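So the protein sequences, as listed, match chains C and E. Be aware that the first sequence starts at 1122, since it is given in the numbering used here, and climbs by one per residue. Be aware that the second sequence starts at 2, since it is given in the numbering used here, and climbs by one per residue.
These are calculated hints, taken from the structure and not from any lab test. This one's a predicted model, so the numbers in the text were calculated from it and none came from an experiment. Among the hints, a few may not be true.
Not the full set, but computed from the structure, chain C residues with beta-carbon under 7 angstroms of chain E [stated by the list, open to error]:
(1) A1133
(2) R1136
(3) R1139
(4) P1375
(5) A1379
(6) F1383
(7) T1440
(8) P1441
(9) S1444
(10) R1446
(11) V1447
Covered stretches of chain E (chain C as the covering partner; in silico rule of three or more C-beta atoms under 8 angstroms from a C-beta of chain C) [what the hints assert, rightly or not]:
(12) 168-181
(13) 311-325
Glycine residues also receive a C-beta, built at the ideal position from the N, C-alpha and C atoms.
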Amino acid sequence: MHNTTILMAHGAGGRMSRELIRAVFAAHFANPGLAPLSDAAVLPALPPGALALTTDSYVVQPLFFPGGDIGKLAVCGTVNDLAVSGATPLYLSAGFILEEGLPLETLTCVVASMAETARAAGVQIVTDDTKVVERGAADQLFINTAGVGVVPPGLTLGAARLCAGDALLVNGTVGDHGLALMLHRQEMAFQSDLESDCAPLNGLIAAALDAAPGQVHWMRDATRGGLATVLNEWVLDAPALGIEIEEEAIPLRPAVRAGCEFLGLDPLYAANEGKAVFAVAGEAASAVLAALRAHPLGENAAMIGRVAADHAGRVVLRTPYGSRRVLPMLASEPMPRIC
Amino acid sequence: MKFIDEFRDPALARRLVGQIRQMTASRAAPVRLMEFCGGHTHAAYRFGLRELLDGAVELISGPGCPVCVTAAADLDRAIALAEWPDVILATFGDMVRVPGSRVQTLQAARARGADVRVVYSPLDALTLARQHPARPVVMLGVGFETTAPGIAAALVQAETERITNFSALSLHKLTPPAMRAILGAGDVPLDGIIGPGHVSAVIGSDAWGFLPREYGIACAVAGFEPLDLLGAIAGLVRATVEGVPVVDNLYMRGVRSEGNPTALALLNRVFEVGTAKWRGLGALPDSGLRLRAEWAHRNAARLFPVTREPAREPPGCRCGDIVRGRSAPMDCPLFRRVCTPENPIGPCMVSNEGACAAVFQYAVDF
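Chain E extracted, bound-state conformation:
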């Protein structure tokens, strides 16, 4: 398969592992890298990279799982919205299982009669709006810079076609502010960052220039195949060993330094930057995307002002520390005991990309 097989060549992968091990052979401690993106967390486990690099490189999972960083309060709001009379709530699949603050989920709301539909694209949600003209269709906008342009495009399309019953609840988040928050807190020592591939396809690899400039650490933007990740890790190890932090783009087939101008223009047309609440990081200024005033008629937060009790995080859950890289899943008292993929307490156990789900499923001492 084109664009896949050439990045899964086992011989090349073994050679890169050899290079990484050679570069780190004289070091007392492993090189500590944060993979920002949940897709990378999942890929590293799926291809067994942690086992291959054991002792040479330590991979620390970051906040790049959109499900995991969605605040409990926002989930409560989404659940309340799904229960609004006549509303069809369209959502990406993995959100339906995430518990809000009262251990409610969209899945449970659906079982009680709420109309929650899993869609693969925001345009599918727009199709629902066309099919059900008498009912409000709300797209639950969860995700980073990667998914936001698709939702912006659906909103623009709705405007063009005058589909009046389509709106979005924008819980979108921006990744560079989260990275700053983690590095600014200074409690997680890191040698380098594996930059998110799909996010960078939109915002450009230049968006990570502040990492070497302000924090003195290297960043390598990577794709999601074994050679992408091993290439990025080798580059970051070299930068660490040589002490020359730069931003490297190893995902040239998808990422340009300036990003995707069409997607960025679309984002700018529909959204403006504002404060967003992150699970684990709290309210971060300029870290979210909300609908501009001109789009108020498609802003579900305004159209459906649900009242909620104050949100609380599930007691004992360490997802907040885990998304910051401050705790590992095994440090959480709930992990494996009460929090399992069958019965997730925190969001990191729900999504395929969550650190807890990945560790639960894959991490085994052979």
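If we strip away everything but chain C, and leave its shape as in the complex, we get:
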């Protein structure tokens, strides 16, 4: 392509639009289902099971961060939303809103990263759309992805299946993404090699489901609001039950702990992009934990607590000192304190 930046004409549907699609999107997303220049992707019949459909928009700043970029995030986020619903993710769509003046190289890097992540996750990006808006009307690049997957027959997950005695598992250290971004974004005076945990979890989740068929009762990816928010949403949806977690059992990287101590933040509320929480029947907990730990994305998996019949509607954390405190629902965005 001759132009090195995105111009309004790239979104106008003419020759330049076609050229952008050919050189960037079709080149990277190449797959049998891709319909770059027709109105819809026409896909083969799906395997039996219930259809899962999800959509999410990605506006992260900066576009590139340690451990990932907006493209990788846009694929992982949607793949993970499908996977925690019990679905095998199959196809994704991708919608791009580009700010006029965006370097073409930036877009190419993001699209290449999406393609690579989709390959790793075993999903196909089968349709895409591009709009260009005037400079200032968007911040460089926004992406929306939607995804479809199939939930195998017989698999049900959700609040109705949560039971007192269920074990709560997480597939590794929490807060990595939130802290990595915060440190990177603020150009903090202290250095760290912390990276986002951004990763597609469908393989790990399939392994967990296979390890104890029917015994996984609920899963969620702990994205915005972190681990504590997922657990609070669970007790809101299953108000007759409570959740009790052990502070010492929660896996934390030293850099996340240190960064949170420094900023006065709680890592249990920091975002993750490659962590899921599993509620598993108590007797199956060790089998699922072993399956998680055997997967590369679950090396640090841990059992962090249990679903309880008491303190209904609350998430309670046991401190190492023998005391308890409530982990509340976050009221607003976490703010570093004055002193």
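We have chain C; now place chain E onto it with these hints.
Below, chain E without anything else, positioned relative to chain C:
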């Protein structure tokens, strides 16, 4: 993690709790201690110390949350300043959500178009001034002796680099006068004071000598980890039981008796002591830091003379009594009913360090 893990040893913590319970076993009423500092309020809840000490020690939250003691009138001024044409107002995070007297916030001002930036350090605000040389950048100086030296340092740096568009609105407050005001009023019976750790790192533990000398009560300067707090509480309980009030420094890794001379010199170079308005305590003489006359060209109060209607506290809000330790959050008619962390009416519900936010989030009967 160094400096953290050694102060979180669960076995030692349990042993200290046992000692405290043993010392108070024969007392009819719990020992009443005020934790001056909002950081201590938060830590005591976070580590579950209130539950561990229930019945033996009562912890009363004091005025040491900088957000909570900022007068509504000063917030109104900060909000008006943020709306001044071209101004970039730099602030620490938790100030953006505090309502002024007309239930306006910096956050709402930002949504209406004001340029309000959350910074983690006053030096970040100075960076903003370098990046936007044509626009005035004002650092909102809220905090105690702890944060004031950082703002003084940023002002000195601006002077050295001749960054002319950087100024500060100093709403800084001094902690010993607030402690005197509370004890002088005499309406909150206290057996001892947990002295603020970070403030004392600047002013020194000797600054609290007046507590035993003039009021006959003990003070233990403490850090923010469980063993710091439990050690301080054990010391204060012992002083109460034995009737020997002294100032004890249990935060030796951060606090010297004479404080931090570099920070104190910096404060003295940039600021002078003057009257400050406290939410709950009113105007207290010699309790605030204002910019010296030589720094008038960086004094946002002078550079941007905003006009305001007279301020009023939100009707029904008891934050004023709460920061004095005179009321508990549950005593407030607004608490939990209309005043929540999602929709804070008073500042004690906003900051992480505020007593109302802490009670709202953590206080539960198990």
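Problem set entry | Minimum beta-carbon distance criterion (7 angstroms), C/S1444 to chain E | holds, 2 angstroms
For this session: Have a go at the C/F1383 hint: is there a Cβ in chain E nearer than 7 angstroms to its own Cβ?
Result: violated, 9 angstroms
Problem set entry | Minimum beta-carbon distance criterion (7 angstroms), C/P1375 to chain E | Cβ of C/P1375 sits 6 angstroms from chain E, so the hint holds.
Problem set entry | Per-residue hint verdict: C/A1133, partner chain E, C-beta under 7 angstroms | Interface hint status for C/A1133: violated (32 angstroms vs cutoff 7 angstroms).
Problem set entry | Hint check, C/R1136 versus chain E [nearest Cβ-Cβ separation less than 7 angstroms] | With a closest approach of 40 angstroms, the C/R1136 hint is violated.
For this session: Against chain E, run the beta carbon of C/T1440 and see if the smallest gap drops under 7 angstroms.
Result: With a minimum Cβ separation of about 5 angstroms from chain E (threshold 7 angstroms), the hint on C/T1440 holds.
For this session: Would you check chain C against the region 168-181 of chain E, counting CB to CB pairs closer than 8 angstroms, and say if three or more residues qualify?
Result: violated (count 0)
For this session: Would you check whether C/V1447 satisfies its interface hint, that is, whether its CB is within less than 7 angstroms of any CB in chain E?
Result: holds, 5 angstroms
Exercise. Against chain C, does the region 311-325 of chain E show at least 3 residues with beta-carbon separation below 8 angstroms?
Worked result: Coverage by chain C is violated here, the residue count being 0 at a Cβ distance below 8 angstroms.
Problem set entry | Closest C-beta approach of C/R1446 to chain E relative to 7 angstroms, hint status | holds, 5 angstroms
Exercise. Holds or violated: C/P1441 as interface residue toward chain E, Cβ cutoff 7 angstroms?
Worked result: Result: holds, 4 angstroms to nearest chain E Cβ.
Problem set entry | Hint check, C/R1139 versus chain E [nearest Cβ-Cβ separation less than 7 angstroms] | Constraint on C/R1139 not satisfied, violated at 40 angstroms.
In terms of the numbered hints stated before, the structure departs from hints 1, 2, 3, 6, 12, 13, listed from lowest to highest.
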